[in-house]
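Number of protein chains: 2
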Amino acid sequence: MTERRRITGFSNPTVKALRALRDKKHRKRERRFLTEGLRLLTDARDAGHLPEMLVLSEARDPHPLLAALEAEVGAAGGEIVETTPDILAKITGKDNPQAIAGVFAEFDTALRAIDRSRAPIWLVAQALRDPGNLGTILRTGDAIGAGGLILIDDCADPFSVEAVRASMGAVFTQSIAQARWDEFLPWLRAGKGQLVAASLRDAQPYRGAPYAAPCFLMVGNESRGLPEEYELACDLRVTMPMRGRADSLNAAVAAAVLGYEILAHLDK
Amino acid sequence: MTERRRITGFSNPTVKALRALRDKKHRKRERRFLTEGLRLLTDARDAGHLPEMLVLSEARDPHPLLAALEAEVGAAGGEIVETTPDILAKITGKDNPQAIAGVFAEFDTALRAIDRSRAPIWLVAQALRDPGNLGTILRTGDAIGAGGLILIDDCADPFSVEAVRASMGAVFTQSIAQARWDEFLPWLRAGKGQLVAASLRDAQPYRGAPYAAPCFLMVGNESRGLPEEYELACDLRVTMPMRGRADSLNAAVAAAVLGYEILAHLDK
Chain A
10 MTERRRITGF SNPTVKALRA LRDKKHRKRE RRFLTEGLRL LTDARDAGHL
60 PEMLVLSEAR DPHPLLAALE AEVGAAGGEI VETTPDILAK ITGKDNPQAI
110 AGVFAEFDTA LRAIDRSRAP IWLVAQALRD PGNLGTILRT GDAIGAGGLI
160 LIDDCADPFS VEAVRASMGA VFTQSIAQAR WDEFLPWLRA GKGQLVAASL
210 RDAQPYRGAP YAAPCFLMVG NESRGLPEEY ELACDLRVTM PMRGRADSLN
260 AAVAAAVLGY EILAHLDK
Chain B
10 MTERRRITGF SNPTVKALRA LRDKKHRKRE RRFLTEGLRL LTDARDAGHL
60 PEMLVLSEAR DPHPLLAALE AEVGAAGGEI VETTPDILAK ITGKDNPQAI
110 AGVFAEFDTA LRAIDRSRAP IWLVAQALRD PGNLGTILRT GDAIGAGGLI
160 LIDDCADPFS VEAVRASMGA VFTQSIAQAR WDEFLPWLRA GKGQLVAASL
210 RDAQPYRGAP YAAPCFLMVG NESRGLPEEY ELACDLRVTM PMRGRADSLN
260 AAVAAAVLGY EILAHLDK
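Residue numbers (the numbering used here), protein chains in the order written: chain A, 10 to 277; chain B, 10 to 277.
To be clear, the hints were calculated from the coordinates, so they are not data collected in a lab.
Predicted, not measured: the structure shown is a model, and the values here were computed from it.
Warning: the hint list may mix true and false statements.
Identical copies carry no separate label here, and so any pair may be met within one copy or between two of them.
With a straight-line cut-off of 20 Å between C-alpha atoms, the simulated EDC-like cross-links for lysine to aspartate or glutamate are [claimed, not checked]:
(1) K103 / E231
(2) K103 / E171
(3) K103 / D32
Could you put the whole structure together from the sequences, leaning on the hints where they help?
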């Protein structure tokens, strides 16, 4: 059986270090992030990511998947820590924490790690500020069979607790890259790829537009949308019906409606 | 010129009462809610909703829309309060508050207020727990020309700060009703209406399914989905491609992808 370390004090340095992972600055320095729940940790394992540390609640119910995960993490040289539900709540910042959490090393998010031939659809987000939106876009990417998400300019942190939670595990299955616009565009143009965005500028109806794989679907900042220069660099600009008073959709919603349209078009 | 009351103390009872509106229990007792920003307040006015109280920051810039709003609220007998940016931040719970906020009386959310002949699409959410999702669904409803949102069973509060914010003003333009399932179903069946849900049970592909107006599109709870009984009561069950590891979408995303599909179908 794998050896477990027990932690019972709130002031234990491991507890402090884990809590600090909720803070972006600290997380960036440590290059580690936290994921909660057996389901997400199992998804991560299935996608080839094992946590460096597994934190278990004393109050957990036994589960074969949990036992398997524990054994694998132990075999890989990871650390296994057992603690009280109260301390786990403190670590995850949730009143009713899941019975298990894991600490992962951040992945490489260099653009060069993206193999565009691997998938027909790629999502691109520019200056996306809300980590919930970011996680939701990852989740949608998984659903439409996208290869991953490319984050342009200053976006929310994909490894924040909120983004990981909203991604429902897709943070482990989708490739993630971070780049400035002036790195992204030359990279895109160095290979095959159609850049698409929702726009009002010289745009055609989003339904039945001539999408082509690999299709890079780009959404902009929640309040400002995409800069004009970025829109003009697109190969295809599409427009969606807006029947009400508002003139825009939530960024994650726009990505999903367009993403499903592109999927249907490419599937034909 | 309309008379303004100045408030400069954090412990002023009005400040305390306004801050308390962020708390659901208090909000329900007062039957009042808070909205921030000139854009949303102008949308509200255009949709026929004037605030009972307007709270202005001393640091606001002059704006013709703001002046018009102030005059209208004053003429309607509403109260106008001027305060410091710090106090406004305290009231709205935001570090960088907008320069204006308004207090509205909650609307009637009885099912009988819904006139189904008014729109071809209606959104229905069951046990939706996240106020951000709720607001986003309202916003999507506005975009697809839905009549409103019917909240079934125990949902998040549509008048919470988070839901109002995420709705981007649609809380004022969409009808909102709250009902138990055993009130909703008889009400629905007493008139024309097709009940549609995403499902894996005996479902057909969501694209090109025989949607018919008035179409009631129902989404379920974020983690449990819809109860089986509710799914079985639907006239049409549709399924969406899920190409990845996950077996579901974010609730607001699912509502949007299906909502836009229904809009396209009904428009043909």
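Structure-based check of all given hints:
1. K103 / E231: Answer is between; shortest inter-copy Cα gap is 17 Å, intra-copy 26 Å.
2. K103 / E171: both (11 Å within a copy, 18 Å between copies)
3. K103 / D32: Classified as both: same-chain Cα gap 15 Å, cross-chain 19 Å, threshold 20 Å.
Consistency with the previously given hints is maintained throughout, with no hint failing.
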